[in-house]
Each structure stands twice: as structure tokens, then as C-alpha cells.
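The lines below spell out each chain.
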Amino acid sequence: MTLRQTLEQAIEDLKKEVAKMADFALYNLREGLNAFKTTNFELARQVMKADDEVDRFEEEIAKMALKIIWKEQPVASDLRLVTGILKLITDLERIGDHASDIAEMTLHLEDNRNQRVLPLTSKMAEIVEEMVLKSIQALVRVDESLAETIIQTDDSVDQLFQDVISYVTAELKKETIDPNEAIYVLMVAKYFERVGDHAVNIAEWIIFIAKGKHKNTMLF
Amino acid sequence: MTAQNPIVFQIENLNLFYGEKQALKEISIAIYEKEVTALIGPSGCGKSTFLRVLNRMNDLIDSCHITGNVTYHDQDIYQPKTDVNGLRKSVGMVFQKPNPFPMSIQDNLIYGPKCQGIRDRFLLKQIVEQSLKQAALWDEVKDRLKESALALSGGQQQRLCIARTIAMKPEVILMDEPTSALDPVATAKIEDLISSLKQDYTIIIVTHNMQQAARISDKTAFFLMGELIEYGDANQLFSTPENKKTEEYITGRFG
Numbered sequence: 001m002t003l004r005q006t007l008e009q010a011i012e013d014l015k016k017e018v019a020k021m022a023d024f025a026l027y028n029l030r031e032g033l034n035a036f037k038t039t040n041f042e043l044a045r046q047v048m049k050a051d052d053e054v055d056r057f058e059e060e061i062a063k064m065a066l067k068i069i070w071k072e073q074p075v076a077s078d079l080r081l082v083t084g085i086l087k088l089i090t091d092l093e094r095i096g097d098h099a100s101d102i103a104e105m106t107l108h109l110e111d112n113r114n115q116r117v118l119p120l121t122s123k124m125a126e127i128v129e130e131m132v133l134k135s136i137q138a139l140v141r142v143d144e145s146l147a148e149t150i151i152q153t154d155d156s157v158d159q160l161f162q163d164v165i166s167y168v169t170a171e172l173k174k175e176t177i178d179p180n181e182a183i184y185v186l187m188v189a190k191y192f193e194r195v196g197d198h199a200v201n202i203a204e205w206i207i208f209i210a211k212g213k214h215k216n217t218m219l220f
Numbered sequence: 001m002t003a004q005n006p007i008v009f010q011i012e013n014l015n016l017f018y019g020e021k022q023a024l025k026e027i028s029i030a031i032y033e034k035e036v037t038a039l040i041g042p043s044g045c046g047k048s049t050f051l052r053v054l055n056r057m058n059d060l061i062d063s064c065h066i067t068g069n070v071t072y073h074d075q076d077i078y079q080p081k082t083d084v085n086g087l088r089k090s091v092g093m094v095f096q097k098p099n100p101f102p103m104s105i106q107d108n109l110i111y112g113p114k115c116q117g118i119r120d121r122f123l124l125k126q127i128v129e130q131s132l133k134q135a136a137l138w139d140e141v142k143d144r145l146k147e148s149a150l151a152l153s154g155g156q157q158q159r160l161c162i163a164r165t166i167a168m169k170p171e172v173i174l175m176d177e178p179t180s181a182l183d184p185v186a187t188a189k190i191e192d193l194i195s196s197l198k199q200d201y202t203i204i205i206v207t208h209n210m211q212q213a214a215r216i217s218d219k220t221a222f223f224l225m226g227e228l229i230e231y232g233d234a235n236q237l238f239s240t241p242e243n244k245k246t247e248e249y250i251t252g253r254f255g
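Protein chains in written order, with my numbering: chain W, 1 to 220; chain V, 1 to 255.
Okay, chain V solo, but in the shape it has when bound (with noise of 0.2 Å):
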């Protein structure tokens, strides 16, 4: 057995409701720090809702509301007091679609951190070079930092969101389907990504490929009609899955 890393999210019993509607039911996970958790299911399972839950991003629509707790760092998320704007800096979201800014390379990068309150120059500079560099995009658009964001492809413009994220250094990265809009190309370089991003964030990703579960999470969970099926190893998950649902459902008998 290996040691478990320390937990950075708790969530138990957690219900939501879109009005009247249940989206997750009774929902308890723990997510642990450096590792990447892949949530799995089909569509309409609440899998994306569950995502947002972990920084608020719920809130936004109005017939939303929860049950249960959601502790980060063992500090409820969902107290009146919470600073949502200091949580969503902490856990940074990338979307299926790239989204840059439309403004230039650095620009995007720095975008963030201005409003931040940083002005050194030189400490911008260096955010923009490391961020890049972690997103593994700085040897492809160091020599036109200057220019359009939206010049990128798309899977260069994913990873400036990546980097675009990172420059506001969080601890986790939510990661809603990542690459269903790119290429298989553009997608390895994104999984490569992730691998290697795992060192240093939490990195919480929802995808629609089961494959893609496979190669990249430590941790995976399924989610069928709002309820959390079975949560583990992926490696156990893939290949001994203790729940008839999840066996179905990874093997392709039924989505």
C-alpha cells in the first residue's frame, strides 16, 4: 500500500438542485492533492455540475442550490463568508472550448495577474515565461508574444488557457473536457500536459473519453443520473470494477 496523499477537497452527502430538478445525489468524494482525478459517465449524469461545484462556478445560475458540505482545506466553500473570487484564483477552470482573450499571447497571460495587483514588469515578464513553459507552449510562441492570441490553433490556444490558469498560480486546475475540441495531436500534447502538470496542481478533469481516463487519472469516478456509481484506482476501475454499472458502462454496453 502506498501512503494516500493529503485530501484538498471533502465533499459529503452533497445534493444540488436545478429548481425543482436533482442534478447530484447524496454525492461524498474526497479529491486528493497532486494526483488527477478523472470523472467519467454520460451525458446529463452531473458529472460537469459536480466540477463546478468545486469553485462555485454553480452560482452563477440562479435556480441553483446545494445541500451538504464541500470543504476545501477543510473550510466550507459554501459559507456566505467565503471569498469566491479568492477560491476561483485557487481553483483555476480550463472549458472544452479554448476561450483566449482577444488580445495578444502575453497579454492573455498577464491578464489575470494585473488585475491581481501586480505591475513589476519584470515579475510579469517572468510569469508570462514560466506559465508558458509549464504549459509547454513557450519554444512554439516565444518569438510573438505580441501577437494575436487568437492566431494560435486550437490546440496551442488550449494550452495558453492552461498557461493563462496557471499564471494566477493555483493549486487545482478543473479541467471540463479539455480536448474534445482538438485533434488526436493536439490532444496527446494536452494528456503529455496534464502528466506532468500533475507534479505540482490538482488537477481535476471531466471527460467523455473513457480512454483518455484511462492513460491520465490516478483516481477516476463514475457518475451515472446525478449519482456517484463507484469512485477508485483507475487501475482497479478499469480492470476490476466492483460495480455491475461501471462495468457496463466502461466496457461499452450501455451510455
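Isolated chain W (complex conformation) (with noise of 0.2 Å):
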């Protein structure tokens, strides 16, 4: 029989509910392309009112996280992991708050044509999403050679911000692009370049959960 049954249960339920938080986040962040995409007035704003429910998942998951500490007083691996998910939510609840940042750009776009994404913020969108999943996995299996690769897959989507500035920057010196889209192009594209530094966070998490080292640093 394994002993502290209620210890390791409270657990896999913490890690559940972080997992659902990351699957309400990634979709916010689809949705909030796709009504950026499709100028979709509607959609944008229920992508932003879906906010909340990623802000409420950060509460609870605090909460249960908080209980753990002062009923079950865990050390060793257990601390690890309930602390390291008490820092991580946070980054996941501002991955939250990009995707309602896009929706919100749809607002300010003029109605009935639809928005231009290019090719390369679409990439960005793929690859970042693809990041915060490996995290969850990573946490769920905590999986430190995961988490190393997701902060190295981060570099690519640096890149591919470097060039959407290009692209857009030639495209307004040869006046192809108005410079109002220019500007909610750029924005959609940073912040898709943030939701990949939040992943990278989540990930420097999870090396602290599996070795206790945050960033080469003994947190102990």
C-alpha cells in the first residue's frame, strides 16, 4: 500500500486542473486569432470575456495549492512541484491575457474585410501552441528534457517576430501595407513572441520542480 494517499491524490488533481487552465488558455488563443482573422466582432469579445474563466482557474489552482502546504506540509519532490506550479499559473494566466489582447485588436479594425494574417504570425501561432502543450506534458511527466527543449524551440519564434517586422517594415516603404494594419499586425505577432517567453517561464519551472535549480540557480 502507498502511504499518503491523500497527499498524492490532492496532487494529480492539482496537476489535472492545470492542465485544464492550459487547454482553456490555447483555446482563447485560437479563438483570438480566429476572430482577429475573420474580423469577427463577436467572437473577439467572447474570446475576452472567456478571460475570466482563465483567471479563476489561477485562483483555484492557488487555492488547492495553498491547502496542500498547510495541511499536507510537503517536502522534497512534493514541495517542489506544488511551488513550482504556484509560480507557473502565473504564466499561464498571462498566456491568458494575450489571447484576449489579440481578440481585442479585432475591435480596432474597420468591419466587413477581412484582416490579413500572414503566413509567418500564423507559424508563430503553431509553434507556441505547440510549446505550451510540451509544458503541460512536461509538468505532468515532469520531464526536465522536455522543458530544456521547449526553451530552445523559443529562438525560432524570436525569429519569426524578426521577420514579420521585416516583412511589414519593406511593405510600408513600398506602401503596400496600410499603416494601420501594420501596426495590429505587428501587435498580434509580438504577442504571440510573449505567449512563447511564458512557455519558456513554465518551462524554467519545471526544471526547478525536477532539480530544485531555477536558471542554474539553487533555489534551496
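Calculated directly from the structure, the hints in this document are not laboratory data.
Certain hints may be false.
[Said to hold, decoys possible] Within a straight-line C-alpha distance of at most 25 Å, the following computed SDA-like cross-link-like pairs (lysine to any residue) qualify:
| hint | chain 1 | residue 1 | chain 2 | residue 2 |
| --- | --- | --- | --- | --- |
| 1 | W | K215 | W | S122 |
| 2 | W | K87 | V | K133 |
| 3 | W | K71 | V | A214 |
| 4 | W | K67 | V | K34 |
| 5 | V | K245 | W | I69 |
| 6 | V | K169 | V | P184 |
| 7 | V | K133 | V | S195 |
| 8 | V | K244 | W | M187 |
| 9 | W | K71 | V | K34 |
| 10 | V | K34 | V | A186 |
| 11 | W | K215 | V | T240 |
| 12 | V | K245 | W | L219 |
Once you've looked at the hints, go ahead and assemble the two chains, each given alone in its own frame, into the complex.
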């Protein structure tokens, strides 16, 4: 018989809630981009409203983690997991915010025409979504080598963002893009770039959970 | 990296047997000066046996014999010529159940020094006051030093026993589960006391209370079935233990 089944169950439940929170945030991110692509004001407002749900997850998970701390007084791997989750949900919450930000960009667009989303930005969206998904897998399995790969992937996201800037700058020079449109295209790309950074932060907390080390500093 | 305190006890390849039964297996460990070292592990793991090796309390058990080296300041304490009484004066001990002598508070404290030949009343009075102050008991008992020690509460009795140990001016204090018979308030007082005594004494404590070991110890040693599984800074042992068995024990997955 395994001892401390209550603690084990509480930790499983905690991980499940984090995975659900990530699903919500990623769903909003996809729908935010869809709203922007199709200039769908209604969908944009829905996505912005749905961010409340992501925030509620953050509070619930924080409550669950604090309860484990005061009731179970975890040490070693349990302590690292619970405190690591307390830290990384802040990044998940910020990812949710960026989904809402992207949706909000839609509201600044003119009605009745579809917004251009650069293939480069779509590529960024694809990569950062994969990064967040992998970070949750890495958390569930406490897989530090998977977490490392997420950190490495971020360079390609940063490069794509630079490519978007170069592309838009060139278009502006040629006057083949509306300046107003250029601003929002850039901002959306920037938000995806930030989501990549938050995925990196999550990955760094997973390495802390695995080894007690955060960005090469032992926190104990 | 902080500089390491000097070594007080150096134990190498210690094996201890009760008759045929081996209670400690190949223990090698260094105990450092003016630190609190906690010994943890499930019942029967050998931690109390190990504690009693350090002032030769196991000598009182006929069938007990040891192999290996136990040095105290580079002196092998298991050599035949060892002055065991002198050793026990330098390496005092506090037990699980408070065991004051059935005499007055002050007589408890001067009993040891008197046996050592101290007769000067002024000096004895000084010993009483100093050891009670160091044991954080002076304010509570200063007006009733002649009353029976048995009238004190459990927590006060235990602090008196610590004061009685201090009165002998030891260098090391061994504590065998000193708070397991006490309530949380008395326990907290003893824990605070241990932290302040660390300035002057080397303390080695056996405890079943993992949180207590985490709270008060600088170094923690985890024993299991007579073996020393892991030994290191408490900070490291309770956050990122190296050994899977340590991890499982301190997180409560077995024990």
C-alpha cells in the first residue's frame, strides 16, 4: 500500500487543474486569432470574456496548492511540485491575457473585410501552441529534458517575430500595407512572441520542479 | 560555499552488534562543531543506537560490541584507556522522558559539579544561575530553587535536564527524542532553546518529528535498517534529497 494517498490524490488533482487551465488558455488563443483573421467582433468579445475563466482557474489552483502546503506540509519533490505550480500558473494566466489582447486587436479593425494574417504569424501561433502543450506534458511527467527542448524552441519564435518586422517594414516602404493594419499585425505577432516567452518560463519552473534549480540557481 | 566548522566526531566504518544481530552497518560520518545534527529514520533504524555510541552509553549493554573507528577530537574513544566518565562529562545526554532527580531544582543542577569535587558555594550558585539561564528556565524558577524538581511541568523538567547537562560544561549534547513527551508549546520552547544553545555547544538530536529536524538542524542524517542512507545539509536533504529512499521516507511514502 502506498502511504499518503490523500497527498498523492491532491497532487494529481492539482496537475489536472493546471492541464485544464492550459487547455482553456490555448483555446482562447486559437479563437482570438480566428476572431482577428475573420474580423469577427462577436467572437472577439467572447474570447475576451472567456479570459475570466482562465483567471478563475489561477485562483482555484492557488487555493488547492496552499491547502496542500498547510495540510500536508510537503517536502522534497512534493514541495518543489506544489511551489513550482504556484509560480507557473502566473505564466499561464498571462498567456490567457495575451489571447484576450489578440482578440481585442480585432475591435480596432474596420468591419466588413478580412484581416490579413501573415503566414509568418500563423507559423508563430502554431509553434507557441506546441510549446505550451509540451510544457504541460513536461509538468505532468516532470520531464526536464522535454522542458529543455521548449526553451530551445523559443529562438525560432523570436526569429519569426523578427521576420514579421522585416516583412511589415518592407511593405510599409513599398506602401503596399495600410499603416493602421501594419500596427495590429505587428502587435498580434508580438503577443505570440510573448506567449513563447511565458512557455519558456513555465519550462524553467518545470526544471525547478525536477531539480530544485531555477535558471541555474539552486533555490534551496 | 561557507567554511565548514571543525570536526568534533569522526566515525569510520562503524559496525555495531547486539550479540549476533547487527544494528549499525558501515557507518561513516563526521559531526561538526556548533551545529545541530539531526538523526532521522523509522523505528529500529539504528539512530538512537548510533547516538549512544558517541558517549559509550552502549557499554551498559553486555552483548554490544563494535568494530570501526569512533574518534572524538582525533581520540579513539573505544580504546581501553579511554576515561569514559570524562567522555560523558564532555558529551552529555538528554533523554526522551524528562528524568529530574527527586530533589530540589538547585540540587539537580549542583549534583554533577559536586561529584566533580566543586565545593565553593559561590561557584555552585553561579553554576545554578548560569545553567538555568542558558536553558531558558531561570525566569520561571528563580524564586523556587529549593522546591522539588518533580513539581515542575513536563516541559520545565526537560529544560531542567538540559540545564543539568549544561552544568557539567559539556562540549556536545546528545538528545534522544527530547520533545516526544511534550506538548506543542513546550516543544517550541525546547526547539528555540536548541537553536540558541548551538552558539556554545555541538548538538546531536534523534527525532521522529521530520518537521522538527527540518526546523532545527543544520545537518540531517537519514538512517534505515542500520545503514546511513544519506547525510548532508538539512536544506538540501529536505528539498532535493539525492537518494530515492530518503525521498520516499521524508515525503512519507514509506516508513
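Evaluated hints:
1. W:K215 with W:S122: Violated, at about 30 Å.
2. W:K87 with V:K133: violated, 45 Å
3. W:K71 with V:A214: This hinted pair holds, its Cα atoms lying about 17 Å apart.
4. W:K67 with V:K34: It is violated: about 36 Å lies between the C-alpha atoms, which goes past 25 Å.
5. V:K245 with W:I69: Holds, because 22 Å separates the two Cα atoms, which is no more than 25 Å.
6. V:K169 with V:P184: violated, 28 Å
7. V:K133 with V:S195: OK: K133 of chain V and S195 of chain V at ~14 Å, within 25 Å.
8. V:K244 with W:M187: violated, 48 Å
9. W:K71 with V:K34: Outside the cut-off at roughly 33 Å; violated.
10. V:K34 with V:A186: Holds: K34 of chain V and A186 of chain V sit about 23 Å apart, inside 25 Å.
11. W:K215 with V:T240: holds, 16 Å
12. V:K245 with W:L219: At roughly 22 Å apart (the allowed maximum being 25 Å), L219 of chain W and K245 of chain V satisfy the hint.
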